[in-house]
Amino acid sequence: NAGVTQTPKFQVLKTGQSMTLQCAQDMNHNSMYWYRQDPGMGLRLIYYSASEGTTDKGEVPNGYNVSRLNKREFSLRLESAAPSQTSVYFCAFRAGTNTEAFFGQGTRLTVV
Amino acid sequence: RKEVEQDPGPFNVPEGATVAFNCTYSNSASQSFFWYRQDCRKEPKLLMSVYSSGNEDGRFTAQLNRASQYISLLIRDSKLSDSATYLCVVNPSGGNNNDMRFGAGTRLTVKP
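These protein sequence lines map, in sequence, to chains A and B. The first sequence begins at 1 in my numbering and counts up by one. The second sequence begins at 1 in my numbering and counts up by one.
Derived by calculation from the structure, the hints in this document are not laboratory data. Even for Gly, the Cβ is constructed at its ideal location relative to N, Cα and C. Hints may contain errors.
[Said to hold, decoys possible] Sample of chain B residues lacking proximity to chain A, with all beta carbon distances greater than 12 angstroms (derived):
{"hint": "1", "residue": "5"}
{"hint": "2", "residue": "6"}
{"hint": "3", "residue": "12"}
{"hint": "4", "residue": "13"}
{"hint": "5", "residue": "19"}
{"hint": "6", "residue": "34"}
{"hint": "7", "residue": "44"}
{"hint": "8", "residue": "54"}
{"hint": "9", "residue": "77"}
{"hint": "10", "residue": "79"}
{"hint": "11", "residue": "89"}
{"hint": "12", "residue": "91"}
{"hint": "13", "residue": "105"}
[Stated by the list, open to error] Here are some chain B residues pointing at chain A (derived, C-beta under 8 angstroms):
{"hint": "14", "residue": "14"}
{"hint": "15", "residue": "15"}
{"hint": "16", "residue": "32"}
{"hint": "17", "residue": "47"}
{"hint": "18", "residue": "99"}
[Unchecked claim] One-sided and incomplete, this derived list gives chain A residues near chain B with beta-carbon spacing under 8 angstroms:
{"hint": "19", "residue": "10"}
{"hint": "20", "residue": "24"}
{"hint": "21", "residue": "64"}
{"hint": "22", "residue": "95"}
{"hint": "23", "residue": "97"}
{"hint": "24", "residue": "98"}
{"hint": "25", "residue": "105"}
{"hint": "26", "residue": "106"}
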């Protein structure tokens with residue numbers, strides 16, 4: 001899938017539980033992203049990383065943390081899941097501003 | 001006002017029809033523009049970039065109107081396989097200029 005691995009594909013959490021979504025790319029691109037997609041809302045940016053060791057908040061960062069430990073991997077952590085975080089999460093990466101973005105297959109998360 | 005707006009549809013058209021989608025954006029300094037396609041329960045994939053001079057790829061034509069701040073996608077001779085949601089993506093300028101802003105998508109169903 002265009003050199004990107006996103007795990008897990010599905011997850012059900014209880015309110016208050018924590019989890020980490022993993023994303024890894026093998027195309028050696030600098031920019032990596034985490035989005036959530038909700039019905040009627042489109043994809044909304046949670047966090048973004050321009051390069052290894054740097055991260056920036058997007059539109060909806062509250063309740064999430066991220067980690068870019070190396071160029072390949074960008075993880076998203078929910079410390080204390082809430083029902084409002086029920087969504088489909090996509091990681092993405094691309095080489096630069098005007099280039100194609102590649103997406104992971106998505107994680108369907110349900111918080112009960 | 002949303003930063004990127006699309007008519008959500010759905011557009012239901014017969015095979016062979018021509019269909020057009022518009023997308024408006026609010027940031028007049030936006031740098032680059034794209035159309036992505038997303039199949040049901042799948043990740044978005046690049047359909048085409050949108051250049052200032054307009055561009056065509058087979059049955060698909062994309063145009064940019066900077067004065068009116070919209071981009072368009074025209075699909076000629078619709079096929080059943082064109083059924084999907086089409087996402088408008090805009091790169092805003094500014095501090096976080098590697099960001100991507102998505103419209104909520106326009107759903108297209110092509111019927112026999």
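Hint-by-hint comparison with the structure:
1. Under the 12 angstroms C-beta cut-off, the non-interface status given to residue 5 of chain B relative to chain A is violated; the minimum distance is some 10 angstroms.
2. Not every CB of chain A is more than 12 angstroms from the CB of residue 6 of chain B (nearest about 8 angstroms), against its label as outside the interface.
3. Separation of residue 12 of chain B from chain A is adequate, the least Cβ-Cβ distance of about 18 angstroms exceeding the 12 angstroms criterion.
4. With 12 angstroms as the threshold on Cβ separation, the claim that residue 13 of chain B sits away from chain A holds: the shortest Cβ distance comes to roughly 22 angstroms.
5. No Cβ of chain A approaches the Cβ of residue 19 of chain B within 12 angstroms, the least distance being about 20 angstroms, so the stated non-interface status holds.
6. With a closest Cβ-Cβ approach of about 8 angstroms to chain A, residue 34 of chain B is found to fall inside the 12 angstroms limit, against its non-interface label.
7. With a least beta-carbon separation of about 5 angstroms from chain A, residue 44 of chain B fails to lie farther than 12 angstroms from that chain, contradicting its non-interface assignment.
8. Taking the minimum C-beta to C-beta distance to chain A, about 16 angstroms, the non-interface status of residue 54 of chain B holds against the 12 angstroms cut.
9. Chain A leaves residue 77 of chain B outside its interface by the beta-carbon criterion, the shortest separation being 25 angstroms against a cut-off of 12 angstroms.
10. Every beta carbon of chain A lies more than 12 angstroms from that of residue 79 of chain B, the smallest distance being close to 23 angstroms; the non-interface claim holds.
11. The Cβ of residue 89 of chain B sits about 8 angstroms from the closest Cβ of chain A, inside the 12 angstroms cut-off, so the non-interface label is violated.
12. Remark: the non-interface label on residue 91 of chain B conflicts with the geometry, its nearest Cβ contact in chain A lying 6 angstroms away (cut-off 12 angstroms).
13. Under the 12 angstroms C-beta cut-off, the non-interface status given to residue 105 of chain B relative to chain A is violated; the minimum distance is some 6 angstroms.
14. A hinted interface residue such as residue 14 of chain B counts as satisfied when its beta carbon comes closer than 8 angstroms to some beta carbon of chain A; here the least separation is about 26 angstroms, so the hint is violated.
15. Contact between residue 15 of chain B and chain A, as hinted, is not supported at the beta carbon level, the nearest pair being about 28 angstroms apart and thus beyond 8 angstroms.
16. For residue 32 of chain B, the suggested interface contact is upheld, since its CB lies about 5 angstroms from the closest CB of chain A, less than 8 angstroms.
17. Nearest Cβ of chain A to the Cβ of residue 47 of chain B: about 10 angstroms, over the 8 angstroms cut. The hint is violated.
18. The closest approach between the C-beta of residue 99 of chain B and any C-beta of chain A is roughly 6 angstroms, which is under the 8 angstroms cut-off, so the hint is satisfied.
19. For residue 10 of chain A, the interface hint is violated, since its Cβ never comes within 8 angstroms of a Cβ in chain B; the closest pair sits about 11 angstroms apart.
20. For residue 24 of chain A, the interface hint is violated, the least distance from its beta-carbon to any beta-carbon of chain B being 15 angstroms, above 8 angstroms.
21. This hint is violated: residue 64 of chain A has a C-beta 16 angstroms from the nearest C-beta of chain B, more than the 8 angstroms allowed.
22. A least Cβ separation of about 10 angstroms between residue 95 of chain A and chain B goes past the 8 angstroms threshold, and the interface hint is therefore violated.
23. Checking residue 97 of chain A against chain B: minimum C-beta separation of about 5 angstroms stays under 8 angstroms; hint holds.
24. The criterion of a C-beta within 8 angstroms of any C-beta in chain B is met by residue 98 of chain A, whose closest approach is roughly 5 angstroms, and the hint holds.
25. Hint status for residue 105 of chain A: holds, given a least beta-carbon distance of 6 angstroms to chain B, under 8 angstroms.
26. The criterion of a C-beta within 8 angstroms of any C-beta in chain B is met by residue 106 of chain A, whose closest approach is roughly 6 angstroms, and the hint holds.
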